[in-house]
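Asks: Each chain, written out:
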Amino acid sequence: MTRVAGLYGASPEEVFRKFKEHLDRLLHKTITEAPLVLLSVGASAFLQFQRSERPICVPVGHRYHLYVGQTLQAAREDGRYRLRTLAYAYRIADGPTFDDQCLFRWEYNAREHKQSLAPRHHLQLPATIGCFGNRVLDTNKLHIPTGWVTVEEVIRFLIHELRVKPRTHKWDGDLLASERLFREWSGRAT
Amino acid sequence: MRAAANPTRTHDQSPNGLVRLSSADLLRYFDTRARALVRLSGGKALKRIRSGRAGSDLAWTELRLLSTLLRDK
Chain A
8 MTRVAGLYGA
18 SPEEVFRKFK
28 EHLDRLLHKT
38 ITEAPLVLLS
48 VGASAFLQFQ
58 RSERPICVPV
68 GHRYHLYVGQ
78 TLQAAREDGR
88 YRLRTLAYAY
98 RIADGPTFDD
108 QCLFRWEYNA
118 REHKQSLAPR
128 HHLQLPATIG
138 CFGNRVLDTN
148 KLHIPTGWVT
158 VEEVIRFLIH
168 ELRVKPRTHK
178 WDGDLLASER
188 LFREWSGRAT
Chain B
-14 MRAAANPTRT
-4 HDQSPNGLVR
6 LSSADLLRYF
16 DTRARALVRL
26 SGGKALKRIR
36 SGRAGSDLAW
46 TELRLLSTLL
56 RDK
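Those protein sequences? They're chains A and B, same order as listed. Taking the numbering used here, the leading residue of the first sequence gets 8, the next gets one more, and so forth. Taking the numbering used here, the leading residue of the second sequence gets -14, the next gets one more, and so forth.
Since the hints were derived computationally from the structure, they do not count as laboratory data. Where a beta carbon is used, it is the ideal one built from N, C-alpha and C, also for glycine. A few of these clues could be false.
As the list claims (entries may be wrong) - Anything over 10 Å on all C-beta distances counts as not near chain A; from chain B, calculated:
1. Asp16
2. Arg24
3. Leu25
4. Ser26
5. Gly28
6. Lys29
7. Lys32
8. Arg33
9. Ser36
10. Arg38
To be verified - Think about it this way: if two alpha-carbon atoms lie no more than 25 Å apart in a straight line, the pair counts; the simulated DSS-like pairs of lysine-lysine are:
11. A/Lys177 <-> A/Lys25
12. A/Lys25 <-> A/Lys36
13. A/Lys36 <-> A/Lys172
14. B/Lys29 <-> A/Lys172
15. A/Lys177 <-> A/Lys36
16. B/Lys32 <-> A/Lys25
Same shape as in the complex, but just chain B (with noise of 0.2 Å):
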């Protein structure tokens, strides 16, 4: 299952809770995350993280546990 061409829609989601993502889309789907969740972009809110200044609630959260997956980029 391939993004969207949409920016704002990064993935498309099955019926049984399974969501695929290529690689290359893996940035742009966490800068939509951001944006949606914590009103930041997706870079501003990787440094919030990685600086230890992130908040902690849910949408933090999930957005730290998401940061895990582009500790290469």
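One chain only, chain A, in its complex shape (with noise of 0.2 Å):
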């Protein structure tokens, strides 16, 4: 029997534990000590940065914000369950509430759940482009398609392009481990 590469767990609990739990311990070795909450209603999980039951961008470095937030479900197979992802929203904001503005927010919803004639997975950002003379595209409001973005990728944007400090000086290998386990969770490339 060929084992599809995935990250499996006895229970969906488990599999939404273990997927926490890397998420907390590779966000607390590079960038921040925030935790993630994790709600799980049986076979499907919401996972995101809160405080006081608010979603909330947490402060990575001294000017930026992050936030972090994804949809889970554990598909049964071989009488053991593996994790999916159905969606997720990283934003990088300038300050931690809903009125500050998000500079850059990457989503990605499955088809499954939405349909939807715009690329699924995509950026956002608050820039205009002029173009064409009088003409000004506004990339808020367009769905710039990406691949799948991953927070391993996220974090290494913070540190590196935005400069933002990272926990340790080991944060390249960190990350460099971690997109090896996504790799063997997923079966995709980065």
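Two independent chains are provided; combine them into the complex using the hints.
Replies: And the structure:
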């Protein structure tokens, strides 16, 4: 029997717990000590940064704030459960609250739960591009297509591109190790 | 961990960041979150999300992600 790549567990809760613990460890080692909160509902789950029952962007470095949210499913296969990601939303903002400006947001929705004509994996950001003489493209309204964006790549973007100070000098090795695990769990190339 | 009887309180959170909710309580949980975050009932919030008229801020981001758990409801 060929085993499909994946993060497996004996129960949905075990799968979700393993995944949350992995992401928490990665985040704590690299950019923030804030823990994710996991809401588990049978074979589905929802994971995000929240405080006092409100979603928050947690501070990373001195200026930026990060939100990570994912909807997960534990699919039954060969008597075990395998993790699937149904949706993700990552945001980098200039403050922690709803009113603070979001600078970058990456989102994904699985086709099975959201029929959409727009690209399912996309990036949006508050900028405009002048073109064709007097036309303006608003990139906050456009769904700019991306590939599958991993939490590791968002962390790498924060550290390397936005110059957020990492919590350890081993951050690159930690991200590479986590990406290897992601490839093993997802069967995707990163 | 069962949801509490109080309609404004749908769940309890353990210290390690794990919250368990029964499927039966999910709609009520969504309704509570929608009222707290965007001041709409869960039904109205769901309608906005499914018709593509939801906002793009953090509150709607959470509700949009949560709504994926309600796709059969």
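Asks: Once the closest CB in chain A is found, is it more than 10 Å from B/Leu25?
Replies: Consistent with the label, B/Leu25 stays out of reach of chain A, its closest Cβ about 14 Å off (over 10 Å).
Asks: Say whether it holds or is violated: B/Arg24 keeps its Cβ farther than 10 Å from all Cβ of chain A.
Replies: With a cut-off of 10 Å, B/Arg24 remains clear of chain A, as the shortest Cβ separation is near 12 Å.
Asks: Hint check: A/Lys36 vs A/Lys172, CA-CA at most 25 Å. Holds or violated?
Replies: holds, 12 Å
Asks: Using Cβ atoms and 10 Å as the threshold, tell me whether B/Lys29 really stays out of contact range of chain A.
Replies: holds, 18 Å
Asks: Beyond 10 Å from every chain A Cβ: check whether that's true for B/Gly28.
Replies: B/Gly28 is indeed farther than 10 Å from all Cβ atoms of chain A, at 18 Å.
Asks: Checking the smallest CB distance to chain A, is B/Ser26 really beyond 10 Å?
Replies: holds, 18 Å
Asks: Does the claim that B/Arg33 lies outside the interface with chain A hold up, using a Cβ gap greater than 10 Å?
Replies: About 14 Å separates B/Arg33 from the closest Cβ of chain A, which puts it past 10 Å; holds.
Asks: Classify the label on B/Lys32 as holds or violated, using whether its beta-carbon is more than 10 Å from each beta-carbon of chain A.
Replies: Non-interface label stands for B/Lys32: nearest chain A Cβ at 15 Å, farther than 10 Å.
Asks: Would you assess whether B/Asp16, listed as outside the interface, keeps its beta-carbon beyond 10 Å of every beta-carbon in chain A?
Replies: For B/Asp16, whose nearest Cβ neighbour in chain A is about 14 Å away, the distance exceeds 10 Å, so it holds.
Asks: Taking 10 Å as the cut and beta carbons as the points, is B/Ser36 off the interface with chain A?
Replies: At about 12 Å from chain A, B/Ser36 clears the 10 Å cut-off, so the statement holds.
Asks: With d taken as the least Cβ-Cβ distance between B/Arg38 and chain A, does d exceed 10 Å?
Replies: Per Cβ check, B/Arg38 is outside 10 Å of chain A; nearest 14 Å; holds.
Asks: So if I understand the rule, the pair passes when the alpha-carbon distance is 25 Å or less; does A/Lys25 with A/Lys36 pass?
Replies: At roughly 17 Å apart (the allowed maximum being 25 Å), A/Lys36 and A/Lys25 satisfy the hint.
Hint compliance for this structure: hints 14 and 16 are broken, all remaining hints hold.
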